[in-house]
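Undergrad: Protein chains in written order, with UniProt numbering: chain A, 1 to 156; chain B, 1 to 730; chain C, 1 to 436.
Derived from the structure by calculation, the hints contain no laboratory data.
For every residue, glycine included, the Cβ atom is placed at its ideal position computed from N, Cα and C.
A portion of the hints provided could be inaccurate.
Simulated restraints, written as ranges between beta carbons of each label pair [to be verified]:
#: 1; chain 1: B; residue 1: Pro131; chain 2: A; residue 2: Ala125; range: 57 to 65 Å
#: 2; chain 1: B; residue 1: Arg22; chain 2: A; residue 2: Ile101; range: 34 to 42 Å
#: 3; chain 1: C; residue 1: Gly158; chain 2: B; residue 2: Gln504; range: 37 to 45 Å
Straight line, CA to CA, 25 Å or less: simulated PhoX-like cross-link-like pairs of lysine-lysine [said to hold, decoys possible]:
#: 4; chain 1: B; residue 1: Lys135; chain 2: C; residue 2: Lys413
#: 5; chain 1: B; residue 1: Lys37; chain 2: B; residue 2: Lys406
#: 6; chain 1: C; residue 1: Lys213; chain 2: B; residue 2: Lys28
#: 7; chain 1: C; residue 1: Lys43; chain 2: B; residue 2: Lys406
#: 8; chain 1: C; residue 1: Lys160; chain 2: C; residue 2: Lys213
#: 9; chain 1: C; residue 1: Lys317; chain 2: B; residue 2: Lys67
#: 10; chain 1: C; residue 1: Lys317; chain 2: C; residue 2: Lys43
#: 11; chain 1: B; residue 1: Lys91; chain 2: C; residue 2: Lys413
#: 12; chain 1: B; residue 1: Lys409; chain 2: C; residue 2: Lys213
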Amino acid sequence: MASFLHGLRAYAKGFATTLGSAFKKPITVQYPEYKTPVQTRFRGKHMLMRYDNGLERCIGCSLCAIFCPAQAIYVEAAENTDDNRRSPGERYAERYEINMIRCIYCGYCQEACPTEAIVLGHEYAFSDYTREALIYTKDMLLVPDPRKATVGAGAD
Amino acid sequence: MVQEATKPAAPPNTVTLTIDEREITVPKGTLLVEAAKSAGIDIPVFCYEPRLAPVGACRMCLVEIEKMPRLQTACTTPVADGMIVRTNAEKSRAAQSDVLGMLLANHPLDCPVCDKGGECPLQDTTFNYGPGISKFIEPKRTFPKPIPLSPLIALDRERCIMCYRCVRFQREIPGDEALTVIDRGSHSEIAVTEGRDFDSPFSGNTIELCPVGALTSIPFRFRARPWDLTKVPSVCDKCSVGCNLNVEYRNNAVLRLTAHPNPPVDDGWLCDHGRFTYDYVNDKNRIDRPLIRRNGQLVPATWDEALDLAAQRFRDTADRAGNDAVGGVISARATNEELYLFGKLFRGALGSQAVDHYPRTGSAIGPFGVDALHGSIEALERMGTIVLLGVDPLKEQPVLNLRLRKAAKNGARLVVVSPEANDLDPVAAHALRVPHAALPTLAATWANLIVTEGLHDAEFIGGRTAGLDRARATLVDFTVERAASVIGLSAELIAAVGRALAAQGPSALLFRRELSGTIDHAQWFAALNDLSLLIGATKEDGVFGGLVTQNNSQGAIDLGIAPEGDASPFGGKAPSALYLLGVDPLGDGRAEALDGVDFLVVQELFLTDTARRADVVFPAVSWAEKEGTYTNLERRVQRIRPAVRPPGEARPDWRVIRDLGKRLAPNGFAFTSPTAVWQELAAAVPAYGQLSYGALGRGGQQWALPHIGDGNGGGRFTFRSGDLEGGAGR
Amino acid sequence: MSGAITFEQLMPAGPNLTEHRHVPNMVDLEVARSRGAYEGLAKALAEYTPEQVTGVVMDATVLGRGGAGFPAGRKWSFIPKGPGQKYLTVNADESEPGTFSNRELMETTPHLLIEGIALCCYAVGASRAFIYIRGEYIHAANQLNRAIDAARAANLLGDKILGSDFNLEVFVFQGAGAYICGEETALLESIEGNRPMPRSRPPFPAVAGLYGKPTVINNVETIANIPAIIRNGADWYKAFGTPTSPGTKVYSLSGHVRRPGNYELNLGISLRDLIYEYGQGVPGDRAVKVVLPSGAAAPWIPADALDTPMDYDNPRKLGTILGSASVIVMDETVSIPHATLRLIEFFNHESCGKCTPCREGTLWLVKALQRICAGEGVPEDLQLLLNVCDSIAGKVLCALGDFAVSPVQSSLKYFRHEYEAMIPGYPTAAPALATD
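So here's chain A without its partners, still in its complex pose:
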């Protein structure tokens, strides 16, 4: 008998928690219809930034690549010419690739960058079906030219 009562009490306690939660505001959201806002310093998908005049900030120095603990970044540089000016100065990144599934989103690349060219943004949903598709190339990372874009440059 005593054990029966003991069991009943346990049930009551358990259902009380359930009942209590049933009337609280849910903490889950209906992803992807609704998204939880991320913190300002959240580190998501990388962006390669531009200056206001549209020139790329990246100078192809590879410091991000050598800092990257996951070796997820690959850079090949080339020289700006008067006809083909991509960044201020002499050098720009001809190829810039990040392996998004290797990346551990530590933000070291952002720390290492001498020109504040690479910035980790707030986007985190970029699943795909192949590994190859998750190697992001420069055109996928580069923000639009502010002089040509009508809306903001990808950042929040």
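Following the hints, put chains B and C in place on chain A, whose structure we already have.
TA: Just chains B and C now, kept in the frame of chain A:
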């Protein structure tokens, strides 16, 4: 407390001093910076470079020396007995930091885009000795960004710290005035001398000497950061000197070649031809799979198809037209292992004597009975006299030219005899313009002069040689007067130079193997042989030899890759089936070599004219993709290592030869690696058997000449002029 | 214009070097010989061995007049004896601001220098002498060449001079306008046809100088002292000057004085006498603010030390040197920071660029001083200036780099308040221009 150790007495000509509380004994005359280095004490330097004369310009190496009121530059101060030096005391550290602060004041902060960044002495020294922050708040001195000094080298004047290494290198080592400093003081800049081009064949060395990113390579510009490159030590294949270099690659592409100093061979220098010729390795047009001719067209095939076809046709030809009807020519740039296998394929598997290397020059067997250089490249530095007959090292062995200039600087008297202006003329004691055709006469005349006037070392000639009397009888007609009329130089000059050759001191005789025109090469080599004995070039401290031209010509000679009898595949009776490895007779204007060839196998990097005519084409691999050994002009066997992967299905050349061998012989071709080939080769060639394979990869090893091994006075030499029928070249 | 004062009275002749400064046509050999030229040479060749000549010069204690004050006789004695090529190089690259005494000597009495050269070469066994003359001194070079030609024609130069076994050729080598060529090893590089940059020592020129051979390098005035010493003896010479600084010196007086010029005076004269007695004081009777005792190079002497005897010893007590005795006077109207900037601009412009501290340091000083003079200085700048001076002094390759910092160090030592007044927001801002 401590028992007094019995100090060994310092050997003579040494100096004992104290650096940073450490007692060091070094040879007299050593510079402080070198003495410190020998004790593992680092003194920072910029302008100092051991191979250039010290100038004390950058002031980076200031150290405190007791009893001296001012700080002294370690790079210009020779050691003295009892000197007490402090490199790490407050005063010297402050000076080093101050000087760095000055150097950095106007140095741009563009390390991220600078090709030197990551391997920059200025960066490293700043981290070790520099001030943490700069106090310089003024606007920096600016110049327009890089200007090309030449098609190969760009100059960024903002980065220059005025160490003058480049200017000093050009002036002191190759001896030209191509670079200079213009303007003065804080406006000084490096520039190409007015009216000149920076076209020195050694210009690339200035890139490596530059301690900052002021001089950078244009071909390498922005191709990769230094830390992205993988370095593989190897040996240059562009000429017979065999300079050591690093093959540096990224993503399977060779991006640059840098010096990997092996002082006895190259003194740490590279020529521009060696340093900048690598694009062909990365070329997209390389042959990347076997091709066979079907219906008149070369079409891709599998390796098995191509190898089977080649082997089958070789066997058929041999069976039908005799073994010698199958011939092979291999490039003198192939490795020893490939040469050995090639020889074995023809002589062993096919029984053919029609095997050769290309280009091949006349044999130049020295008085010691071996076709190889007596002495060494390094020994040239210690010569009293150096005679160059018909050779122009700047064109054919560029880095050897630098060694000869160094010898001249060390006091050697250079006698340069060549048909046209020679780069060494300005440093030569005598520069004679003599056409090739007259060189044998000149050599014989000098030999005659020396022996007639008794200028030779009688003890050496009497004790170590035979046949002088016979030779003298042959040479007697070669009078100075006759030579003067043949050559067109004055008799006095010919005699004066001839007497100068006989002067005492170590002497060297370097000559050209292949003279143009109709020359009796037997007489040429006989005269050289005798002259070398008379001037003492074959003594233990001398140097004597004919300079080979290809990176492994010496290996091909050593391994005997040459036809016997009249079975020469080139020039003699053309074989019916021919295997060419890295040889392009059509491209070299020797189309007649292919006359009568029914079946042609070509192994090449590119689809050359010859390859287009082939029935089977095998892709070859470049030197940057294979393993093996080369023998340089001084008998030094050095190992090369693969850096990048060959394109497509291309296989290392030794494997292709082996696979043909497997198809043509029941056994003897079961090698699994080039090392295995080396082992058999070393067992078969006695001179190579003495070498340690490990040493070949660490600076290489010279195989020993038989007459050197027996020490003093053992080897005997023979005069050769008397051996020739009817006397020399009447 | 009264016309009462003649040039001779304005610029009196001295007892030795400038004795014949007013004699017309002294370049003419006959005129010069009538005034005793080459008597010393004839006496030396007839009566003295080379060692004895050196001995007399050593006994007279001729201190090097170029600035360093090293005894000429001792310098000569360092030259190895015996056969072998040796050289004498006369430093006539008088490029220091405020120096002009050599110029007058060469223009008016060239034979005096040539006789001195011959005596020196006889003493050290040199058969070739070069006069490295400042490129702008075209008239002086012409005078020297005329004098050399005449002397050679009279067997005073050339082979077997005056019947002796002594041979000598003298060459005039004109510079191309670089201050650095006044540095003795840069001068040698220039003669050899190289870019004039000082050499690292050792080896010293006495061991390996011009073309790698033992070389004596002396200033024009040093050499010009020799003939009279040989003619009259060391004791005659030592009667002039002070016991430790014997002889006379040509003081070149310039700047804010009424009567600038060359004055040959006994060593040891005070600046006050020089400025007020010979220079006739400062125009407008303004106060002397500071004196630069040796052109731009040496540390300054403030107005309260004008009684310092200008010999080789006393200026050292003030931390400066007699140097070339080219005295520049600045009066109270001078803005010290601006004057300092001007001097540093000179040193930066003339730096050869070989060694880092001088090349980069002088540029740094110029930029910082320009900022201060433009009123854009910051309080830390004064310490920065001193730090940069410390990074230059004692760390450079040649003495000229050491000289370059003296204007900054001296001006900050004596006139720091003038800088402070120029720096906006300086903590203890003093009145704009001190007028004490």
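Undergrad: Now look at each hint and say whether the structure bears it out.
TA: Results of checking the hints against the structure:
1. Between B:Pro131 and A:Ala125 the CB atoms are about 48 Å apart, so this pair departs from the stated range of 57 to 65 Å.
2. Our hint of 34 to 42 Å for B:Arg22 and A:Ile101 is violated, since their Cβ atoms are close to 54 Å apart.
3. A beta carbon spacing of about 40 Å between C:Gly158 and B:Gln504 agrees with the range 37 to 45 Å that was offered as a hint.
4. Under the criterion of a C-alpha separation no larger than 25 Å, the hint pairing B:Lys135 with C:Lys413 is consistent with the structure, at around 22 Å.
5. Between B:Lys37 and B:Lys406 the CA atoms are separated by roughly 24 Å; this keeps the pair inside 25 Å, and the hint holds.
6. Note on C:Lys213 and B:Lys28: the hinted pairing holds, with a Cα-Cα distance of about 23 Å set against a maximum of 25 Å.
7. A hinted pair counts as satisfied when its Cα atoms are at most 25 Å apart, and C:Lys43 with B:Lys406 does not qualify at roughly 51 Å.
8. A distance of roughly 23 Å separates the Cα atoms of C:Lys160 and C:Lys213; the hinted pair therefore holds under the 25 Å criterion.
9. Note on C:Lys317 and B:Lys67: the hinted pairing holds, with a Cα-Cα distance of about 23 Å set against a maximum of 25 Å.
10. Restraint check: the Cα-Cα separation between C:Lys317 and C:Lys43 comes to about 41 Å, which exceeds 25 Å; the hinted pair is violated.
11. With a C-alpha separation of about 23 Å, the suggested pairing of B:Lys91 with C:Lys413 holds against the 25 Å cut-off.
12. Using a Cα cut-off of 25 Å, the hinted pair B:Lys409 and C:Lys213 holds, with the two alpha carbons roughly 18 Å apart.
Checked against the numbered hints given earlier, the structure breaks hints 1, 2, 7, 10 and satisfies all the rest.
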